[in-house]
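**Q** Here are the chains, one letter per residue:
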Amino acid sequence: MIALLLRRLAQGVVIVWLVATLTFLLLHAAPGDPVSATLTDPLTPPAVREYWVHRLGLDLPLHQQYWHYLTSVASGGFGFSFPHHRPVSAVLAEALPNTLLLMGVAIVIAFAAGILIGVVQARRKGKPVDWGLGIGSLFFYSMPDFWLALMMLLVFAYWLRLFPASGMFDPVMYGFMGPWARAADRLWHLVLPAGTLALLVTAAVARFQRSALLEVAQQDFARTARAKGLGERAVIWRHSLRNALLPVITLFGLALPALLGGSVFVESVFSWPGMGTLTVNAIATRDYQLLTAVVIVTSALVVTGNLVADLLYAWADPRVRLGE
Amino acid sequence: MSRVVAWALCAAITVVICAWLDRAGRRASTDTGPWRRALARFHRNRAAVVALWMVLAACVVAALAPWLVPYSPTATPDIVALKNLSPSSAHLLGTDFASRDVFSRLLYGARVSLSIAMLAIILSATVGTLYGAAAGYYGGRVDAVMMRIIDAALSIPRILLLITLLVLWGTVPMAALVLVLGFTGWFGVSRLVRAEVLSLKERDMVVAARALGARDRDIILRHILPNVLSPVVVAATLGIANVIIIEAGLSYLGIGVRPPVPSWGNMIQDGVSQMATVWWVSLFPGLAIVATVMAFNIIGDGLRDALDPRQLDG
Amino acid sequence: MRATAPVILTLLATALAGCRKDASAARDAANGGTLVISSGSDATLLFPPLTVNVTSAQVEAQIFEHLAEPGPELNMIGDEGWEGRLARSWSWSPDSLSIAFRIDSMARWQDGPPVRASDVAFTYGLYTDSLVGSTVAPLLSEIDSVVVRDSLTVVFWFSHRSPEQFATAAMQMRILPEHLLSRADRKELASSDFARNPVGSGPFRFVRWVPRQLIELEANTEYHLGRPHLDRVIWSIAPDYNAAFMRLMSGDADILEYMRPGDFEPLAKHPEIKTVRYPSLIYGFLLFNERDPNDRSRPHPIFGDRTVRRALTMAIDRVQLVRSVYDSLAVPAIGPFTEALSTYDSTIRQIPYAPDSAAALLDATGWRDADGDGWREKNGRQLRFTIIVPSSSTPRMRAAVIMQEMFKQVGARAEIEQMDFPTHGSRQEARRFDASMNTMSSDGVPSTIRQLWSTAAVKEGSNYGSYESPRFDALVDSAASQMNPEKAGAYYRQAYQLLADDAPAIWLFEPLSFAAMQQRIHPEGMRANGWWLNLKDWYIPQGERIARDRVGLSRESPAGG
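So the sequence lines, in the order shown, correspond to chains A, B and C.
Take the first sequence: its letter number 299 is residue 298 in numbering that gives the first Met the number 0, and every next letter is one higher.
Take the second sequence: its letter number 140 is residue 139 in numbering that gives the first Met the number 0, and every next letter is one higher.
Take the third sequence: its letter number 510 is residue 509 in numbering that gives the first Met the number 0, and every next letter is one higher.
What you were told as hints is all true, and nothing was included just to trick you.
Partial list, derived from the structure: chain C residues whose beta carbon lies under 7 Å from chain A:
(1) T33
(2) V35
(3) A189
(4) S190
(5) R211
(6) Q212
(7) L213
(8) I233
(9) S235
(10) P238
Dumping the calculated DSSO-like pairs for lysine-lysine here, alpha-carbon to alpha-carbon at most 27 Å:
(11) B:K82 / C:K268
(12) C:K273 / B:K82
(13) B:K82 / C:K407
(14) C:K407 / C:K377
Reference listing, derived: stretches of chain C covered by chain A, where coverage requires no fewer than 3 residues with Cβ under 8 Å from a Cβ of chain A:
(15) 239-247
(16) 538-552
In short, the hints are calculated from the structure, not lab data.
It should be emphasised that the depicted structure is a prediction, and the values quoted were computed from it without experimental measurement.
Yeah, the Cβ is synthetic: ideal placement off N, Cα and C, and Gly gets one too.
Working from the sequences, and respecting the hints, build out all of it.
**A** The structure is reproduced here in structure tokens:
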């Protein structure tokens, strides 16, 4: 088991290295560089540009830059971000927890609600409830993330004024609040961005869960249970659900890239200071170092998420062993 | 006048195609053979059939857009007096900041968004099928290396990959956009196909063909690909829905379809800065996206149910 | 040139309410209040020599000081109208080759020690140190040396006399504390602790910076020119404009520094929010490349011809364009400058909007639509060109789309190439474009025009369109070396007229800058070179304060921070 785990970890490292190399090549093949992207003032003299190009090592041959880059990634430094004037690791260290918070809350809500909705639908298959919930989840499932975020912003922040439109906490009063008020303030600011992200994922989970349950219900053990005279409710809750959770675990692994991608739009609409807004900024300023770091960290997150999903799978289904 | 004729023609074409499909579905129910029976099953799924009608109607409208629109989608007749008009009989869905007719742009946008999505998906389905079939068929070390590459590609959120590519190369003509969308969308398909191929290649007919000395290419093309077609068709239908959303997102970020060509995504972008007051500019393209994507998803679900081999004998 | 002063005063009139003396008496009692600025971008660092970002500049302006600041007329020739800041007074040597600044003896660094002349000399050394890599260094080239005469007197020596030498000495550097920076590694200043926890001598002191969320400053009660009225200033960062706008409307923020066209309508429903216009130095134009982008030794096949450029200018209805893109938020530009520049001249003759004459002129130059497809051709080449536009800018994008349609009317086929901001910049720098949608923010110094349009800037500098005119060069040279403002103005006027006639660009719009703010905020002295420069004079009347205005200074209220 441990050997297999190690092997999966090694595979993960290879994947991350491939991603790092790919992004490095892409970024350097493209026109433009971080210095001219940041020093946009046309009056900046060429000497200053050259100075910064030299200091950032952008005048080195490509293979040397690549080598510098790999060593700094390996040491966890990710190099220096010129537009931020700080080590990339410091910039990421601030953004990552914010994104994880947002995603964590969204995932918990989405999987809880999604599984519940899926179960309700499966129990009432073909009934109006199933139909209504199905249409509802399909509706949100079919919605572009940025569009939903914009609509939420318009309706709840602008028209109804129920929730704050942006930020993570009250910029002024937060410093003067007690611990409970602070927690409440943070939650208050989480509602719209996390809610938007959660809605999108709930829809996917519910759809997935419903069809998984229905599929399991056709299988032998469910038929047996039914034949034993157990009620439909018991069949679903006791027997089918556990088996039907397996695909949900798979979905958890699959949903991560989509969730991280969706957070690019959701974060930028709600000005959430996480990896998503960082990405958009890094792109606009041609921040090579930061952008490659974002892509690498994201892919590392996904790889880790998949590993966790595999472990969960092995735990939930004794028939499955890692690597088989 | 000619516009009325065009609309009538448009309706007629849609009705004819739908009626023909309906008849085919009805007739298929008495037929045997896996594809026929799948068609019959699909036909019984009313939601999927209605969704298919919707998509067909949208495609016909998109194809005939130049004859259907009341105004040119890029004309700016009076950028001061006619801008930001709310919906009225003269401008069904209002006008935007440059006095362009939103309804006309919506129809042209359908043309752009749908064709980009379909072309991109054809590309990704082809590349993904070939790559997956090759990996699955050759197996072993080749398969391991090919799949690691897929793992790496799948570990980057597609939108992040697309943003990176598109922003780095700055200006993207439509053809390149299709290529980029197509070449970033095939990783999932290839995995699907590989799994299918792995199970297929141990089957009798493949083993037999190999024993008879058939060439790899012929075996892949003749025996394996036809059998992996149905999951690919399902994935492609759902993929179209996905690409429509992604294209909208990219155009919203200003790195997708280039103005003044309307796409649903950049139409939303046109209205976003004044969403609170001039809401019609971004509301209608948004609804168009949701409706179309929903339709494709329903069709995809319907196809999956209809093509599911476990149901073939059940 | 003098005629410009009243114009600017009118602009400022909205911001200045009532009689100064009465108001100041009422305001002294009114110290207190919190100003939350809804800001579109985070600061990159808070270290003046390396600042390239506007939020950084806004924050630094509160923490650090210049020796002196120009008056509202933004006069850059000599020292007329200038007000002392860190320097209480100054005197010129008889030959004008040196200026001695007398530091205010009351000035203190925010951590206690007094400000000394040696701090100024140290600051000059730091700005010009190549290890630091400051973008300001080249602007200081006319300073020969900075010498400490006594503990409070510092002397700037110049290599030659020039009209703008006072501005160079007084305003290009924000003075830094020697005692905190003397031992710092000069290569790593950007990532130093000081650059994120700055200590200066200005009216506000640094409290905290939560990256990409907020920057908080507090009143420096020991400020040598009197403590600022506000207790606290917070930059609340929201990179998405809609979010930033909603922050203002929901009352979470007090001021949004710029408004988009179309924002006035929703604001009309919010009586608690007012709009305040302030002068600005931004202008937009469509730049023509006069050299062939594929072979720089040849003139551009279309734009190399002055007549064609003039004809294309005639095809654009600038008044309509501006009204469509900006509503009443901009006026048509008449040259590479705005009303707020001290050498602005409203009498520059413009090329009129005349599509018929444009067509006739194009016919005359040989560009004719021979094949009847609606586009003109000449020698087998279609009158077709690409406009590069940064996608980040909605107004520029909209203007480009509308111009595309106007060019079409005269048979010119413009194609829009949208790209992200950095690519746009590097394409311009590489001179790889036909035409480019551009906006420029002047630094308020008239002679800067030389760096953008003179022949000397064609190869290496920022004359991206490669406009060449010996006459223009001579006029600007004469203007820039003229010590007499009247005569300098006359030369600039001729240079501007030449630019208008030669049409190296179509001068499009001069966006009027409006800030939207809560009624209770009373802004003072919003300047064209920075609306934020006199934040120390802003106030919130006691009777109009809300909860966040009453939290007080953190030292008075231990819960803060």
